[in-house]
Amino acid sequence: MRDIAVVAFSQSACVADIGAVNEVELIMPQLQAVYAQVGLSSAQDVDFVCSGSCDYLQGAAFAFVAGVDALGAVPPLKESHVEMDAAWALYEAVLKIRTGHADSALLYGFGKSSPGELPAVLSQRLDPYYLAPLWLDTVSLAALQARMLLDSGSITESDMAAVVSRSRQNAQANPLAQLAGDIGVAALLQDDYLLAPLRRGDCAPVSDGAAAMIIATVEQARRWGVPYARLTGIDQRIESHNPCMRDLTDSVSTRQAAAAAGVHEAALDVAEIYAPFSHQEIILTRALGLDEAIAVNPSGGVLAGNLMMASGLARVGEVFQRIVNGDARRGVAHATSGPCLQHNLVAVLEGA
Amino acid sequence: MSTARPDVTGIEAPVYLHYHFTAGTAPARFLVRLREGLLSGQRCPRCAKVYIPARGSCPACGVPTTEEVLLPDRGTVQSFTIVHIPIPGNPIEPPYVVANIVLDGANISFIHLLSDCVNEAVRIGQRVEAVWRPPEEWDYAMDNIRHFRPLDEPDVPVERIGTLPVSGPAVPR
Amino acid sequence: MAITEKLSQEFELGFTYTRSTGPVVGRFLTGLRDGRVLGIRGSDGRVLVPPPEYDPVTAEALSDWVEVGQEGTVVSWCWVSEPRASHPLQQPFAWVMVRLDGADVPMIHCLQAPSAEAVSTGARVRVTWVAEPRGHITDIRCFVPVPGGVS
Ligand SMILES: [Zn+2]
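From first to last, the protein sequence lines are chains A, B and C. Note that the numbering used here has the first sequence beginning at 4, numbered continuously upward. Note that the numbering used here has the second sequence beginning at 1046, numbered continuously upward. Note that the numbering used here has the third sequence beginning at 17, numbered continuously upward.
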């Protein structure tokens, strides 16, 4: 199997409402940034392009097709799209490279969630007969999940607040974060419930933005002569769409994906986890088998800023940057999709 | 509760989603100029092609476009169709002509109505100009131009369509 | 030449779809219309409500129908203090996961209750129906607490 290298990553700041910026204008600065990191002139210089986005976020039909205007598709490009987080675009590109159909790939994800009502939009991913007609939204589903954890005694509301507090503290060192600050558990617990048992801080903010990445075979990365991190494992698993058919206090799919990606084949020193709700970070930390010594979400994670359809790719990018900067030697990145951690992807990155 | 009622075989499943759409920077510039009675495009810094309406990038080169180019309201028919069937929600009565029009100085066409013409005489290469609504009706909308109408000028050869230089001043009529 | 105007517009995106129900979902919704809650037995013997069309373990088509009770036990809940216009109830309400008597997995619907303090895990609740059922998940208007009922 061909070894994969992550060679470039860029992410926009997470902002609540980016205003007068269309999908092309959202994507382009990130593409230009990753081209510059590698010394490429355009998407023509890679073998494959894959993106992740969801048109319903902004209510613009086929916005993902319009997004191709950011690429420069003359002559035509080998291109693909997933109606998911761009972490799954990464997965598709890894398969493409491993099977010898490409030596390099450009990935990007973008989301402009501010024009719509994100929880209501995401409610329409549910079963169209039994759940979607109720407009049961994602925040409510996460609240049902949090209650089960609290009732089981495996977490407390203080544990959840501690996750939020650490996210905000860590985000102070992340200039791209939307929410950052020095706020303690006691102060967080004084907030009113948004959707009991969840407080606003327990829920990721709604953010607009984009992220882009370039990956290649290790040989291609060496030819380009840029620093890189090796992507040594990646796997993804999905569970039933019916939340009632799953054990919501666990993430079996994450555990399986972590094992298949080889998370524990060597020591880890960093983890970036896509947990849109505080209690989900605890579920995921346990499912990934992370101990106290591992820095979890040093970026602040998505509780500090959540780019729908790009945050998963950004978790991989965060780990890549820490390895290339020498802050970490081996790390795990996780992405999720669907209500209550339905679908999970785990990737392992190591220093070159 | 009547057991005589037939079994359920379908449901109505309407979905209504509400949005607050904000135009991007490049489209907003186009629309603001349109409200002033001006046609504003953008030039690619790499290949020099002019796009109208611009979306903020050159879709051929994949680079941002920022240089504004004001264009005259005269152009050339690049392609057209004569619509004979009524379109639901469209108040225009068939038959009518819908044309791809390339403004002089632009390298890409947009779609608009072609009227004040003999439908059967419309042809590729035909020269046309905009017919504007009165300025007091102008909004951020493409129908500030009511339609295009033929100009009494020689046709443009097919191979030259989309390559003409700017032909005159860009001023509201 | 800077354009300072920010151009925004409200709009509604509507998808006016109808959906075929197929034999399993159709029979469940027919049951609701007729005031009954029907489940289906899976390969592992569990009674599943609302019924899936295929077994969640073996993916075999399912057809062993079981009518379940209209009372059940709250497995989880959350409190919606600000309902959306699209929500089934317009007063503050709870989403509940309820395991109906005779069922082995919970279902999700809303619960009408005076306040969050009136809701608890383990509470007993029962189905209430709309006046004119039509064969739709919202024929169940909501759950309501069973007075004095805690399992
Ligand atoms: Zn160009």
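Quick caveat, the hints were computed from the structure, so don't treat them as lab data. Be a bit skeptical, because a hint or two may be false.
[Claimed, not checked] Calculated pairs, DSS-like style, for lysine-lysine (alpha carbon to alpha carbon, straight line, at most 30 Å):
1) 99/A to 81/A
2) 1094/B to 81/A
3) 22/C to 1094/B
[Stated by the list, open to error] Quick partial rundown of chain A residues pointing at chain C, CB under 7 Å, derived from the structure:
4) 23
5) 63
6) 65
7) 69
8) 135
9) 137
10) 138
11) 146
12) 150
13) 151
14) 243
15) 248
Glycine is no exception: its CB is placed at the ideal position from the N, C-alpha and C atoms.
Which numbered hints fail: 5, 6, 7 and 8
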